[in-house]
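*Asks:* Sequence:
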Amino acid sequence: MSNLKKKIIAIVTGLTLVVMMVPGIAQGLTAAELQTQIDTLMAQLATLQAQLTALQGAAPVAGVTGCTITSFDRNLKQGMTGDDVKCLQIVLNSDAATQVAATGVGSSGNETSYFGPLTKAAVIKFQEKYAADVLTPLGLTAGTGFVGTKTLAKLNAVLTAGVPTTPTTPTTPTTPTTPAVPTGEVQVGLAADTPAAGTVIADSTGTGGDGAQALAEFAKFTFSAGSETKVTTLKITRGGISADADLANVYLYDGATRIAEFTSFSNKVITFINSAGLFTISAGGSKTITVKADITNGTTSGKTINFSIASAADVVVDTGTVTSTFPITGNSMSTATVADLGMMTIANVSPAATTTVDPGQTQYEVWRFSLTAADQKMSISYLKITNVGSIATTDLTNFKLYDAATLLGTVESMASDKSLTFDLAASPLVISSGVTKNISLKADIVGGSTRTYRFSVQRASDVVAYDTNYGVYVKPNKTDAFTIIQAGGATTINPGTLTISVAATSPTGYVAKGTVNAELANFSFKGAGEAVKVMSLPVVINLTGAGANGKAIKNIKLVLDGTQIATTNADMIDAAVETFSFGNTFIVSAGTTKSLKVYGDIITTDTPSAFLASDTIVVTLNQGASNAQGMTSLSAISTTTSSGRTLSVALGTLSTKINAALGNAIAASPTGVAGGVTKKIASFVIVGGLGEGSRINQIVLEDNVAAKPLGEDFQNLLIKDSAGNQIGNTIGALNTTASTYTFTPATVIEIAAGAQYVVDVFADILTSPTNSVTAFAAVKVNSISATGSVTTTDTSVSPALALQNVYISAAGALAIAVVTDDPIAQQYVMGTTDATLAKFKLTASSAEAINVSQVLVGVDDNDATGDETAVRQNIVNLKLYDGTTLLASVSSLTTPGTNVSAAIDGVANFVLSSALQIPKGLSKTLTVKSDVNLPPTATSGATLRVKLSADAGGELYTNLGLYAVTARGVDSGGDLSANPTADKNSAIATLYVTKLTIAHAADSPYGVSVGSVGQTVAKFVVSNSSNVVSYDATLKLVNLDINSTVTPSTGARTIKIYKTSIAAGNLLATATYNDGVAFVDTDSASTAITEATFTDVDIAPGGSVTLIVTADTQYGSTGENFSAGIEQNDVAWDDGVYFATNAANITSVDSLPIIGKTLSY
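Once you know that position 836 of the sequence shown is 836 in our numbering, the rest is easy, because the numbers rise by one and skip nothing.
Rather than coming from a laboratory, the hints here were simulated on the basis of the structure.
Please read these numbers as outputs of a predicted model, since none were measured by experiment.
Calculated cross-link-like contacts (lysine-lysine; reagent style BS3-like; alpha-carbon spacing at most 25 Å):
#1 Lys377 x Lys437
#2 Lys86 x Lys129
#3 Lys680 x Lys657
#4 Lys478 x Lys150
#5 Lys679 x Lys720
#6 Lys780 x Lys708
#7 Lys77 x Lys125
#8 Lys879 x Lys929
#9 Lys220 x Lys287
#10 Lys1036 x Lys1056
#11 Lys230 x Lys292
#12 Lys437 x Lys384
#13 Lys129 x Lys377
#14 Lys437 x Lys478
Label pairs and their in silico Cβ distance ranges:
#15 Asp133 x Ser427: 12 to 22 Å
#16 Thr792 x Asn398: 48 to 58 Å
#17 Lys657 x Thr567: 45 to 55 Å
#18 Val758 x Thr943: 54 to 64 Å
#19 Asn664 x Gly562: 51 to 61 Å
#20 Val1008 x Ala1064: 25 to 35 Å
For every residue, glycine included, the Cβ atom is placed at its ideal position computed from N, Cα and C.
The task is simple: from the sequences and hints, build the whole structure.
*Replies:* This is how it looks when you write it as structure tokens:
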């Protein structure tokens, strides 16, 4: 309803202007024309009033209130004034996100009619909030502050409907039914989104103006049809206070696609005609057509222009009847002028005149033109370039448009009208004012010999240029009647060319002697500019080697893309030139590449002309003489010289060699031991001949030494390839006299020319071999039978190749060692579970793998007395591990029996549930763990040592009938049980109820310092471990290891130890030293503190106490230093049990010594 009111107001305003301006326009319009305009406006007013009356009672749409205007109808910018500016501020203030000001001038209720900086800033916020409607269609990403067409449309929408608010969840509406257009009828109406009344711009600079707006949208009309209909003629009538001359051009657009320019424009009527159809309306569908126009340069401000369809007769369709009510009129646009409307100038750069170009070039610049922006920053979103030359649309391809090195767009080929369309809307080309950009159009020239190309811009609408400040499109080159911009002259494509080169796949390397129909060369023929017919080619074959002049290639054929052309030549001898003629069978089209292959037979007979190994063959296409012709230009073309790659004649005969990856067996690295199964006794390599591949059908081995036949030492002979696939059958019983052994593969073995194929030889070693502990080559390659893959000639070889030495050991051996540095000697807390006590390493020799089934571990307390019950009671639940795998366990130590020299107090006999296999030449590390018993069963201060005993006196293992390690050879089955050559002892473990640790405190001082009477010189944290019985640890003494170059000048000086903090009640000990007397160590300590002068400190399980050390360092001078540490045995402590049993304190701490941190003065 508000739209109707606006239209009514606009028409009344128009009538008023007509009456007011009669004196000023009398010279431009006749009385009849003026009366016609008035009649048209009156008719429209009557129609709209009738529609308004019919809608009386309908509730008005809620919009922005307070404005004295009903719509925005002119562009606005900073510095302008008026009621529309005040309304603009009101609209902006209706949304907190776009308000002009929060308080004061410009704020809500305080709007003004002046467009100042605050208003511009608010407009920018408005444009960016509604960027999708305002900025994106123009290719902009940021607001400009200028109120142009898109911004006006959005402001009018907000003015009418108000600022959108967060909607409540609506109920589902009933979908309205749109009345269907009856079959045979066509209806026309004003589109719902027809442009609102607005402003169009012309430039006022200079005489006649300096450019004007282009592609201004004036109206949108919707055409609906009951059946498919084509509109062939459409007449649009110009209305308003204006003249035909105010419009330079008028267009019809279907969306973004221009479908027509006017056919004629006379007496206000703009006619568009296309007998094939301007546009088509689908059956039951509709089509919205936009009318756009270019404003004529020099158009003055204050005019009004609108477009209408005056009558049904103005819409001519191919079928049906137009039934709508006419006239149908769009909103009026007012004209305005500015002095700095943006300008875009396009001009030719190169070529400047007619020229030529050779075909076959890629990404060749076919046109360069310039785009120059003036007055404003310009955005180019569309370019249409048209070729006016004679080339076909397929002669140039792969078009690319560049701004210097920046690719703007790509078009594969020209359209049927020889045009190229570059749609840059997604990423417009932006050119700042005063900047010129040279735009390059490049293409691949694949055809078109003797024809021309000349690229151009034919119409003003072929360049869509946008003024980013005023938000309007402008006419290129500022002209109303666009002059074609084109290259300075046509470019003629020269006659076609033919490029001949050796193909990448042309054969190289070796060719087998005796090959029939061997590919000798492959050449590429590439045409450009036009199709080229090759009528003949001179071919020469150069041969080298003994008797080359007497050799000949037989049956030479030329094959073009798989099809033979020309007649087969029976013989070609060295250096003889033969010409092959093709008639019309060898034609290379423009832009295509053809493959020409040369084939021939490499003869092996006809002595002395037979080929020998190392002879060479080279095929050459000699220079032609007018032996080709351009199919379009009829120009003569001479083919160029091109030589194939050198081929060497070679035999396909196989060869063999020893596989270097397998060395000779020796005593230290034997083949295996007696009884070993599937041992690798040899390995060799079969090498394919250079001339061709081979198909192997048999491999024969034989005894290498007649006096040592394989049957004396081995059985179950077999061979495998490098992937482990067996070749042929296993030969079980081997002969004890010199013999051969034949292996026939199930399928032939394919080996490529020059390739290598590894064969490994395996056998089982007899349990009683004849030739053990002796190195000798047991087997050799007798022969390999094969035929050539290409020629099928015999490529067999009989090398008599002796292979690697074998060495058979009687049995393997086991070495036993202890890992002495893991674990280290340390204290263990009673109640600890799975404490690591020892690690032993067992190593199998390289002769065979060893299976370990039992391990006997001894434990003693490192004294000369054996079989002590108290020692055995210290630990329980002993376990033997291989890494993290539990091998065996015992609940407690047992008595070792009578033993004197071994002095072992208990043994753990680990019987493995399944044997532990140690691979030959490798090691396994076994870990012994146990739980530490609790007091009083365990003894505080007890020491433990775990060992594998050498049993030098024979008592231990003799008593038990066991070895330290019970083992057997995997292959030989022999008993390899052994004791170590000497006792293998672990580090000493000491047991206490709890455990004390001492460390530097995190804030212990160090570095550059200033001395003082009671300076804090060190801090230590003393911690008691958690323990199962929750015993405190009592710290009974701490002495300090002092290193100092500070010399007191007078009197006695003190060092003090505090707990927790420096307070009189926390003082634990004091030491003094005299003037000038150096510190003297007493029992490795620098301070002579005794248990009697040290206050005991109890530390709870899991707790700790901080010791603070102070010293009189007031005389510390530059270059002197001071540090306080704690050495081993400088501490005395008790675990709550040890002192009661031993009447002495514990003096060892694992974490000592601690080196003091140095203070420098």
